[in-house]
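Chemist: Okay, here's what each chain looks like letter by letter:
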Amino acid sequence: MGEFVRIVRYDALCGLASWRWLAVPAVFALACWNEVSSLLAQKGRAPVNAWDGPLSMLQDQPLVIFVLGLGFLVVAGDRYSQDRSRGTVALTIIRTRSRTAWWLGRVASAGVLALAFSALGLGSALLTSAIRLPLELGPSVAAQVPSDMKGALYPSFDGLPMPVFFGFVVLYTALALWPLGALILAASVLRPAPYVPIGIAMLWVLLEAVALPSLALRGGGSADPFYHLFFAIHFQTPSGADPASWPWSALVISAALGLAGAVGALTLRRSDV
Amino acid sequence: MSSPGPAVRLEGVGKRYGRHWALRGVDLHLLPGEVLGFIGPNGAGKSTLIRLLAGLARRSEGTVEVLGLRLGDRAMSPDGIGLVPESPQFIPYLSGRRNLEFLAAIRTVAGPAEIAKVLARVGLDPADRRATRKFSLGMRQRLGLAQALMERPRLLLLDEPTNGLDPAGIVELRGIVREAAAGGTAVFMASHLLTEVEQVCDRVILVRDGSIVKEVRRSEQPPEKTVRVVVSGDPDLDALEQWAQRRGAPLTPADPKEGPRARLVPVPTSTPELIRELVGAGVSIEEIATVRRSLEREFLDLVSSA
Numbered sequence: 001m002g003e004f005v006r007i008v009r010y011d012a013l014c015g016l017a018s019w020r021w022l023a024v025p026a027v028f029a030l031a032c033w034n035e036v037s038s039l040l041a042q043k044g045r046a047p048v049n050a051w052d053g054p055l056s057m058l059q060d061q062p063l064v065i066f067v068l069g070l071g072f073l074v075v076a077g078d079r080y081s082q083d084r085s086r087g088t089v090a091l092t093i094i095r096t097r098s099r100t101a102w103w104l105g106r107v108a109s110a111g112v113l114a115l116a117f118s119a120l121g122l123g124s125a126l127l128t129s130a131i132r133l134p135l136e137l138g139p140s141v142a143a144q145v146p147s148d149m150k151g152a153l154y155p156s157f158d159g160l161p162m163p164v165f166f167g168f169v170v171l172y173t174a175l176a177l178w179p180l181g182a183l184i185l186a187a188s189v190l191r192p193a194p195y196v197p198i199g200i201a202m203l204w205v206l207l208e209a210v211a212l213p214s215l216a217l218r219g220g221g222s223a224d225p226f227y228h229l230f231f232a233i234h235f236q237t238p239s240g241a242d243p244a245s246w247p248w249s250a251l252v253i254s255a256a257l258g259l260a261g262a263v264g265a266l267t268l269r270r271s272d273v
Numbered sequence: 001m002s003s004p005g006p007a008v009r010l011e012g013v014g015k016r017y018g019r020h021w022a023l024r025g026v027d028l029h030l031l032p033g034e035v036l037g038f039i040g041p042n043g044a045g046k047s048t049l050i051r052l053l054a055g056l057a058r059r060s061e062g063t064v065e066v067l068g069l070r071l072g073d074r075a076m077s078p079d080g081i082g083l084v085p086e087s088p089q090f091i092p093y094l095s096g097r098r099n100l101e102f103l104a105a106i107r108t109v110a111g112p113a114e115i116a117k118v119l120a121r122v123g124l125d126p127a128d129r130r131a132t133r134k135f136s137l138g139m140r141q142r143l144g145l146a147q148a149l150m151e152r153p154r155l156l157l158l159d160e161p162t163n164g165l166d167p168a169g170i171v172e173l174r175g176i177v178r179e180a181a182a183g184g185t186a187v188f189m190a191s192h193l194l195t196e197v198e199q200v201c202d203r204v205i206l207v208r209d210g211s212i213v214k215e216v217r218r219s220e221q222p223p224e225k226t227v228r229v230v231v232s233g234d235p236d237l238d239a240l241e242q243w244a245q246r247r248g249a250p251l252t253p254a255d256p257k258e259g260p261r262a263r264l265v266p267v268p269t270s271t272p273e274l275i276r277e278l279v280g281a282g283v284s285i286e287e288i289a290t291v292r293r294s295l296e297r298e299f300l301d302l303v304s305s306a
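Sequence order for the protein chains is A and B.
Take the first sequence: its letters are residues 1 to 273, numbered as in the working numbering.
Take the second sequence: its letters are residues 1 to 306, numbered as in the working numbering.
These are computed hints drawn from the structure, not numbers from a lab.
Remember, predicted model here, so these are calculated numbers, not experimental data.
Idealized CB from N, CA, C, for every residue including glycine.
Wrong hints could be hidden among the right ones.
Just the calculated beta-carbon pair ranges, DEER-fashion [what the hints assert, rightly or not]:
#1 B:S136 with A:L135: 43 to 51 Å
#2 B:D166 with A:L207: 46 to 54 Å
#3 A:L266 with B:Q199: 41 to 49 Å
Using the sequences and the hints given, assemble the complete structure.
Modeler: Okay, structure coming up:
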């Protein structure tokens, strides 16, 4: 167990060593600035506060798919290929008792990076939002009261202080990003060429952008890990559609992680690194 | 007392990538405390062999036994290997010492004291807090060597370890390698610096197109004695050539930097005898020096004969 934790720590530290991380706050800040501008431009909208910027951003499907999903895959998806070419894989794998432990450590470190990505991205978005909107402890009026017949800006738990709810969303988003990163890692072990992980990630995201809306409408998207990036799926929608259950999300995420773990472990038993 | 078994034993080993054989029919053994050099042109299979020995790649045929572990179809790395990959990279925002601490923590063999000691041994300051991204290529290479040595490996695999090292670093590396070997570590060193390999290795293997074509033991050298003779003038050069013709000793032009009147002369019997013969033949000698037929010459002959 100790060795596993130490592999996770080393891999996570390696995973943070990319200049691409510097783009994360900038991209999220820009996306949130646009979101806040759009909120402020809506006439007749109830008053908003700083929490509304990042949280209403997470209701925007293209933003979630491209900024959150693709963003994470670009930042952390090709770690295996990069570390392999830099010799870091060799340095850690010869020190590890089993390849399976090494690989599971890598899958787990994708979770640490997902948390770092979610916290850094949504944190930057919140700071950007706070520049233009007041920062309050409670939800804004627009977040609580349906206005303009469109319902609240985003769903939330009644009575929960906003910092706690925001922290919950950061954690949930990280949890939902984790299997995406793990699956791309597994794909890069199956085909360890330099541009394969990013290529697969882009293709996947484009397919999601096209297919997810229609799948979600038919209820078929609930088995898709991308679908679980939207925390709002767990709440009653204004149209009255049933929310996705938390255990189902946990099952989809676990199944995707299990698949990534199994594919990588089995591949590495009989492949060169 | 029985002698220890080989650290490495390869029999008929081949490695194929697609339809291309990177290695073929490689037989070799390496004993504890021995330093084995591996020389070959680019693409000869040096890095592939190191990856096979480290368990990072699997053989396509033959038997690979490393530190008593037979590496079969299932990929695994034997315990006790120190590896210096070509151009090693580290976590760029951490210091050299922190990098080694995190790496060492995986195996929990080397502690802070060993890490500080090995850093000092390779010429890096253990108290240096600079991030490794500010390290020069040579410093990164030293750090790579430190991470490989810190856990006192039984087999040390060095892939182009002199890359980026300054002359002082190369001399230090020589000492470190000999020291590790004296402590019982088997060392396998792939390098393009032939002189370095020649000086530090007990045996040198020359490889071409993935196959071992020659093995040279340091104790066997020099296979042939030659002297470099610089004569005083053109008439002496003529006299030297006439003597060589009579004696059946082929002359070779020396390095052009030695001047137009320098020749490499094979020594038929002994050097004093040769000097007497040349003086007797009317050759006025300005300079004479023994030249060892170097591994470089051996290697260049090998490559040019391909």
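Chemist: Evaluate each hint against the coordinates.
Modeler: Right, here's what the structure says about each hint:
1. In this structure, B:S136 and A:L135 meet the distance hint of 43 to 51 Å, their C-beta atoms being roughly 47 Å apart.
2. The beta-carbon spacing between B:D166 and A:L207, approximately 53 Å, falls within the hinted interval of 46 to 54 Å.
3. The beta-carbon spacing between A:L266 and B:Q199, approximately 46 Å, falls within the hinted interval of 41 to 49 Å.
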